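Participant: The lines below spell out each chain.
2 protein chains.
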Amino acid sequence: MAACSNQPLAGRLRCWAACSLLLLTAFTPSESCGDDPLPSWNDGPAKQAILDFVAKVTNEGGPDFVLPADRIATFDNDGTLWVEQPMYTQIVFAFDRIKAAAPDHPEWKTTEPFAAALVNDYKAVFAEGEKSGVKLLMIGHAGMTPDAFEQIVVDWLATAKHPRFDRPYTQLVYQPMVEMLEFLRANEFKTFIVSGGGIDFMRPWTEKAYGIPRDQVVGSCIEVKFELIDGQPTLMRLPAANFVDDGPGKPVGIQRFIGQRPILAFGNSDGDFEMLQWTTAGDGPRLGLIVHHTDAVREYAYDRDSMVGQLKRGLDAAKQEGWVLVSMKDDWKKIFSFEED
Amino acid sequence: MAACSNQPLAGRLRCWAACSLLLLTAFTPSESCGDDPLPSWNDGPAKQAILDFVAKVTNEGGPDFVLPADRIATFDNDGTLWVEQPMYTQIVFAFDRIKAAAPDHPEWKTTEPFAAALVNDYKAVFAEGEKSGVKLLMIGHAGMTPDAFEQIVVDWLATAKHPRFDRPYTQLVYQPMVEMLEFLRANEFKTFIVSGGGIDFMRPWTEKAYGIPRDQVVGSCIEVKFELIDGQPTLMRLPAANFVDDGPGKPVGIQRFIGQRPILAFGNSDGDFEMLQWTTAGDGPRLGLIVHHTDAVREYAYDRDSMVGQLKRGLDAAKQEGWVLVSMKDDWKKIFSFEED
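Top to bottom, those sequences are chains A and B.
Residues in the first sequence are numbered consecutively from 1, following the numbering used here.
Residues in the second sequence are numbered consecutively from 342, following the numbering used here.
Keep in mind that the hints were calculated from the coordinates and are not lab data.
Predicted model only: the values in this text are computed from it and were never measured.
Just so it is clear, CB atoms sit at the ideal spot from N, CA and C, and this is done for glycine as well.
Heads up, a few of these hints could be off.
[Claimed, not checked] Below, a list of computed lysine-lysine pairs in the DSS-like style, where the Cα atoms sit at most 27 Å apart:
1. A:Lys56 x B:Lys450
2. B:Lys450 x B:Lys464
3. B:Lys549 x A:Lys312
[What the hints assert, rightly or not] Listing some non-contacts, in silico: residues in chain B with all C-beta distances to chain A over 10 Å:
4. Ala410
5. Gln426
6. Asp496
7. Arg544
8. Glu568
9. Pro574
10. Leu576
11. Pro592
12. Arg597
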């Protein structure tokens with residue numbers, strides 16, 4: 001419990017209490033009670049900004065103290081919590097769904113956007129615009145119950161592998177971010193995902209991967225209808241978008257699902273711009289952070305001109321807005337848990 | 342900590358751990374660690390059904406054990422957690438908003454549904470149908486930021502009093518339900534409100550009244566738009582319904598906001614029928630409960646023919662569906678916390 005001594009008094013008490021409880025129930029001290037709550041982060045301004053922010057908002061009696069109920073932290077998913085290159089995982093999944101349904105639709109071979117999807121021509125699909133993308137997403141995502149969809153997602157994730165890393169996608173979560181999420185929760189933050197991705201594509205695995213329960217996942221969603229089928233109460237997924245949780249949609253999603261403005265937001269692309277704006281424009285202590293993908297060797301290097309996860313507005317505005325740019329190359333000692341120490 | 346001995350082994354361990362932590366931090370034992378976790382409930386089949394259900398789903402190794410992550414419990418608000426007679430509190434609030442705006446709208450005196458609202462003629466307003474009600478609700482609820490709306494709600498609740506009990510509405514929460522919510526949470530349930538009422542009308546006070554945080558409140562909501570106003574990121578409430586969380590909308594709201602089927606649902610009117618259906622049709626142990634308003638002396642007696650909180654389908658189906666009817670008169674020793682013991 002030496003770790004607790006680094007914390008302000010209130011945090012120390014909580015840390016001791018948490019460690020005692022952990023010892024009581026599991027007989028082993030938790031890693032989050034170790035000396036460094038962020039071992040996969042290199043010492044530097046980004047790590048320091050996180051430690052300082054948590055120290056000041058938990059410092060009871062200090063000028064920047066924030067009540068636990070207001071310690072809301074929101075995280076983008078793709079490119080912020082896990083790899084999004086060379087293509088958003090859900091798009092890879094969607095294309096696989098289309099391939100699976102293709103034998104029943106010979107006409108897709110010559111009809112766009114299906115023809116492009118069948119040969120993984122992401123550029124051509126994206127060139128057709130958002131409507132085209134939504135059309136594709138509806139194919140393998142609707143006309144079934146949420147349970148049936150979830151089973152398809154779970155089965156796919158169990159076998160699909162990332163083309164470069166040759167590992168299941170759920171292993172490609174960023175270890176420094178997992179540590180940060182745990183560190184925030186140990187300091188009585190409530191952590192949420194606020195992603196442009198599909199809410200039902202994420203919920204089956206976020207608890208295991210990030211410790212974030214299903215109801216703390218905010219994302220894009222399709223229409224769902226309640227009906228009796230053969231006398232059985234049933235929810236049916238309909239092929240129509242209900243809400244797009246991206247760009248200016250993110251503050252709206254935050255208001256609707258969480259009901260209060262976060263004090264910390266972490267993103268990586270311009271789809272997170274308004275979430276960062278909304279979060280850091282509030283009164284009192286605020287922290288906005290951006291993962292800057294600068295590591296072509298260990299992960300990917302991209303920002304302004306990327307087809308996926310484009311970061312242009314955020315890069316230009318970060319300094320003026322006081323948002324912390326987290327350089328993957330410089331700030332992260334370790335990116336994935338499977339890397340050797 | 343004698344209370345812990347009533348619990349199954351796993352629950353006992355948790356109860357001791359919780360009590361120890363409470364003692365450690367507050368130096369006083371919590372009431373929820375007393376001998377009876379539901380002191381405002383009379384002994385009888387309803388109380389027993391709750392105790393038995395919690396015992397079996399927390400009995401690790403037992404046939405009905407449910408993992409804590411799946412212990413989702415949903416509660417209607419009006420008529421289930423607080424008084425809804427003689428009129429839903431939010432309608433009283435809405436009518437007060439219309440009265441406040443009336444001096445600027447002399448035409449309302451002769452235009453329905455406004456004229457009826459100005460003289461609290463609920464029957465006439467309801468007779469005009471749902472569209473008319475929504476029209477009224479938009480008057481005092483839109484064209485402002487969520488923060489501005491919240492302040493109006495908070496100010497109103499601080500002064501408005503119930504016509505019969507002559508007390509602030511937030512004092513009219515049912516003590517047996519507050520105890521049940523605490524009891525469930527002490528047994529690692531996550532408790533949610535799923536109400537036809539406005540999500541932003543409830544969020545300002547549910548934590549204090551019920552221990553339910555803002556993001557665990559599901560309800561009806563209006564459209565919200567993100568925009569820059571004078572360079573400031575702003576959310577603006579728009580005069581259009583986004584989602585009606587009532588009847589068949591409740592299972593949809595549960596899916597969207599919570600993302601999994603509850604194992605326990607508690608309602609009081611036919612607006613909760615589909616939520617109860619959806620909850621209890623799931624596999625494994627399930628519990629559906631209905632508050633039956635049978636106490637004209639201490640609260641109100643109403644069901645089939647009530648204008649507000651009508652219970653007809655639920656009353657007819659309860660026996661067949663195995664839903665527990667909780668009689669306010671017989672099952673509740675105490676209804677409000679301000680009653681003398």
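Participant: Taking the minimum C-beta separation from Asp496 (chain B) to chain A, is that value above 10 Å?
Facilitator: holds, 18 Å
Participant: Is it the case that Glu568 (chain B) keeps its Cβ farther than 10 Å from each residue Cβ in chain A?
Facilitator: violated, 8 Å
Participant: Keeping to a limit of 27 Å between CA atoms, is the pair of Lys450 (chain B) and Lys464 (chain B) held or broken?
Facilitator: Given pair Lys450 (chain B), Lys464 (chain B) holds - Cα atoms ~17 Å apart, limit 27 Å.
Participant: Looking at Leu576 (chain B) again, its CB stays over 10 Å from all of chain A?
Facilitator: violated, 6 Å
Participant: Test the statement that Pro592 (chain B) is away from the interface with chain A: the closest C-beta pair must be farther apart than 10 Å.
Facilitator: violated, 5 Å
Participant: Evaluate the condition: distance from the CB of Ala410 (chain B) to the nearest CB of chain A exceeds 10 Å.
Facilitator: violated, 6 Å
Participant: Given the hint that Lys549 (chain B) pairs with Lys312 (chain A), test it: the Cα-Cα distance must not exceed 27 Å.
Facilitator: Violated: Lys549 (chain B) and Lys312 (chain A) sit about 43 Å apart, past 27 Å.
Participant: Need the status of pair Lys56 (chain A), Lys450 (chain B): alpha-carbon distance at most 27 Å?
Facilitator: violated, 55 Å
Participant: Is Arg544 (chain B) truly not at the interface, in the sense that its beta carbon sits beyond 10 Å from all beta carbons of chain A?
Facilitator: Non-interface label on Arg544 (chain B) violated, nearest chain A Cβ at 5 Å vs cutoff 10 Å.
Participant: For Arg597 (chain B), which was marked as not at the interface, is the minimum beta-carbon distance to chain A over 10 Å?
Facilitator: violated, 6 Å
Participant: Verify that the Cβ of Pro574 (chain B) lies farther than 10 Å from every Cβ atom of chain A, and report whether the claim holds or is violated.
Facilitator: With a cut-off of 10 Å, Pro574 (chain B) comes too close to chain A, as the shortest Cβ separation is near 4 Å.
Participant: Is the nearest CB of chain A more than 10 Å from the CB of Gln426 (chain B)?
Facilitator: Holds, since 27 Å exceeds 10 Å.
Hint compliance for this structure: hints 1, 3, 4, 7, 8, 9, 10, 11 and 12 are not met, and every other hint is.
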